[in-house]
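Peer 1: One-letter residues, chain by chain:
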Amino acid sequence: MTRVNLHYFAQLREQAGVGEEVVDTNAETPHELYAELRARHGFSLSADALKVAVNANFSDWQHALTDGDTVVFVPPVAGG
Amino acid sequence: MKRFELTSAPVDLALRREELRDPRSGGFCAFEGWVRDENEGRAVSGLEYEAYTPLAIAEGERILDEAMQRYGVLAASAVHRVGDLKVGDLAVWIGVSAPHRDEAFRACRYIIDEIKQRLPIWKKEHYLDGDTAWVACTHGGHAHEQAPPHAREPASR
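If you read the protein sequences in the order shown, they are chains D and F.
Convert by adding 292 to the 1-based position in the first sequence; the result is the number in my numbering.
Convert by adding 15 to the 1-based position in the second sequence; the result is the number in my numbering.
It should be emphasised that the hints constitute simulated quantities derived from the structure, not laboratory data.
Owing to the predicted nature of the structure, the values given are computational and were not obtained by experimental measurement.
By construction, the Cβ of each residue, glycine as well, lies at the ideal position given by its N, Cα and C atoms.
Take the hints with a grain of salt, since some may be wrong.
[As the list claims (entries may be wrong)] 25 Å max Cα-Cα, derived SDA-like pairs, lysine to any residue:
| hint | chain 1 | residue 1 | chain 2 | residue 2 |
| --- | --- | --- | --- | --- |
| 1 | F | Lys131 | D | Leu342 |
| 2 | F | Lys139 | F | Val102 |
| 3 | F | Lys131 | D | Asn347 |
| 4 | F | Lys101 | D | Phe301 |
| 5 | D | Lys343 | F | Lys101 |
| 6 | F | Lys131 | F | Thr147 |
| 7 | F | Lys101 | F | Thr68 |
| 8 | D | Lys343 | F | Val102 |
| 9 | F | Lys139 | D | His299 |
| 10 | D | Lys343 | F | Pro69 |
| 11 | F | Lys139 | D | Phe301 |
| 12 | D | Lys343 | F | Ala73 |
| 13 | F | Lys101 | F | Glu47 |
| 14 | F | Lys131 | D | Glu324 |
| 15 | F | Lys101 | F | Leu30 |
| 16 | D | Lys343 | F | Ile127 |
| 17 | D | Lys343 | F | Trp149 |
| 18 | D | Lys343 | F | Leu30 |
| 19 | D | Lys343 | F | Glu76 |
| 20 | D | Lys343 | D | Asp361 |
| 21 | F | Lys131 | D | Val314 |
| 22 | F | Lys139 | F | Leu30 |
[What the hints assert, rightly or not] Ranges between beta-carbon positions, derived for each pair:
| hint | chain 1 | residue 1 | chain 2 | residue 2 | range |
| --- | --- | --- | --- | --- | --- |
| 23 | F | Arg39 | D | Gly334 | 48 to 58 Å |
| 24 | D | Asn349 | F | Gln84 | 17 to 27 Å |
| 25 | D | Gly334 | F | Gly98 | 20 to 30 Å |
| 26 | F | Ala158 | D | Ala339 | 22 to 32 Å |
| 27 | F | Ala151 | D | Arg332 | 18 to 28 Å |
| 28 | D | Ala341 | F | Thr68 | 17 to 27 Å |
| 29 | D | Asp316 | F | Pro114 | 17 to 27 Å |
| 30 | F | His115 | D | Asn318 | 52 to 62 Å |
[Stated by the list, open to error] Computed from the model, here is a short list of chain D residues facing chain F with C-beta under 7 Å:
| hint | residue |
| --- | --- |
| 31 | Ala302 |
| 32 | Ala345 |
| 33 | Trp353 |
| 34 | His355 |
| 35 | Ala356 |
| 36 | Val364 |
| 37 | Val366 |
| 38 | Pro368 |
| 39 | Val369 |
| 40 | Gly371 |
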C-alpha cells in the first residue's frame, strides 16, 4: 500500500466533499489512483479532461507513486 | 515584491508599475483583465477564483521567464486575484517594460495567453439568476508553440 496526500480543487473539491484527504492505495500510478477515486467520489470528469501534478509539479500519468506524495488532479483551468 | 503573485487583496497598480521602471526601457505595456457582467449570454453578478498556490506561482514564474527570454524584455511581472470578485474588479494584471514597444506588446500578450492556458486557477461564475458554474476553459498545451518571428536573445549588458 502507498499512502498519498490528495488536494482537490474546483469541481473535484465539491464532488469529493473535502479539500484534502490522505489515502492508502494499491494504485501504482496517478492514472490508477484517479480511477479508484473517481469510483469512490463519483467524479464527473474523465482522466483525459485532467492534468496531474505530483509534489507541486506537473507530472506524467504513469509516474510511480511513492509514500508521502502529494497528488493534485487538475481540472480544466480558467485563469485570466 | 515577487514577480508573480497571487493575492486576495486589491492590487496596488501604481506600485507594480513603478517596480518595472528601468533606465534602459523606452516602452511599458500593461494588460488588465476585468470581471465582465456576462458570459455566453448569461448575466454574471460576480465570480470566485481558486488556485493551487504552489504550482500556480511556479508556473507563473516560468511564464514570466519565458516571456523575458523570447522577447528580450527587461522586466515583467504579473498578479492574479483569488477569492470573491464582483463585476468590474481587476482579476489579473500584467506589466512589461522593454527597450522598445514591439517586444513589450508581444511579451504582454504572451504572458496573458499562457496564464489562461496553463495556470492552475479555476473560476466559478455566479449568475444573476442565482445559479453558479465552474467555467471550463481549454486545457493544455502552450498558447504559443512556435518561436515568434521577432524572438531574439535577451539583451545582454
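Peer 1: Decide, hint by hint, whether the structure agrees.
Peer 2: Right, here's what the structure says about each hint:
1. Lys131/F / Leu342/D: 15 Å, holds
2. Lys139/F / Val102/F: Holds, because 13 Å separates the two Cα atoms, which is no more than 25 Å.
3. Lys131/F / Asn347/D: 22 Å, holds
4. Lys101/F / Phe301/D: 21 Å, holds
5. Lys343/D / Lys101/F: The hint is violated at about 29 Å.
6. Lys131/F / Thr147/F: Answer holds: lysine 131/F to threonine 147/F is near 20 Å, not above 25 Å.
7. Lys101/F / Thr68/F: 22 Å, holds
8. Lys343/D / Val102/F: 30 Å, violated
9. Lys139/F / His299/D: 18 Å, holds
10. Lys343/D / Pro69/F: With Cα atoms ~16 Å apart, lysine 343/D and proline 69/F stay inside 25 Å; holds.
11. Lys139/F / Phe301/D: Judged against 25 Å, a Cα distance of about 11 Å means the pair holds.
12. Lys343/D / Ala73/F: 16 Å, holds
13. Lys101/F / Glu47/F: 15 Å, holds
14. Lys131/F / Glu324/D: 28 Å, violated
15. Lys101/F / Leu30/F: 23 Å, holds
16. Lys343/D / Ile127/F: 20 Å, holds
17. Lys343/D / Trp149/F: Holds. Lysine 343/D to tryptophan 149/F sits at ~17 Å (cutoff 25 Å).
18. Lys343/D / Leu30/F: 35 Å, violated
19. Lys343/D / Glu76/F: The given pair, whose Cα atoms are some 19 Å apart, holds under the 25 Å limit.
20. Lys343/D / Asp361/D: The given pair, whose Cα atoms are some 16 Å apart, holds under the 25 Å limit.
21. Lys131/F / Val314/D: With Cα atoms ~30 Å apart, lysine 131/F and valine 314/D exceed 25 Å; violated.
22. Lys139/F / Leu30/F: 29 Å, violated
23. Arg39/F / Gly334/D: 48 to 58 Å: 56 Å, holds
24. Asn349/D / Gln84/F: 17 to 27 Å: 20 Å, holds
25. Gly334/D / Gly98/F: 20 to 30 Å: 28 Å, holds
26. Ala158/F / Ala339/D: 22 to 32 Å: With a Cβ separation near 23 Å, alanine 158/F and alanine 339/D satisfy 22 to 32 Å, so the hint holds.
27. Ala151/F / Arg332/D: 18 to 28 Å: Since the Cβ atoms of alanine 151/F and arginine 332/D sit about 23 Å apart, the hinted range of 18 to 28 Å holds.
28. Ala341/D / Thr68/F: 17 to 27 Å: 22 Å, holds
29. Asp316/D / Pro114/F: 17 to 27 Å: 56 Å, violated
30. His115/F / Asn318/D: 52 to 62 Å: 58 Å, holds
31. Ala302: This hint holds: alanine 302/D lies near chain F, its Cβ roughly 4 Å from the closest one there, short of 7 Å.
32. Ala345: With a closest approach of 5 Å, the alanine 345/D hint holds.
33. Trp353: 14 Å, violated
34. His355: 15 Å, violated
35. Ala356: Violated, because the Cβ-Cβ distance from alanine 356/D to chain F comes to roughly 20 Å (cut-off 7 Å).
36. Val364: 6 Å, holds
37. Val366: This hint holds: valine 366/D lies near chain F, its Cβ roughly 5 Å from the closest one there, short of 7 Å.
38. Pro368: The hint holds - proline 368/D has a Cβ within 7 Å of chain F, the shortest such distance being about 4 Å.
39. Val369: 6 Å, holds
40. Gly371: 4 Å, holds
Of the numbered hints stated above, those contradicted by the structure are hints 5, 8, 14, 18, 21, 22, 29, 33, 34 and 35, listed in ascending order.
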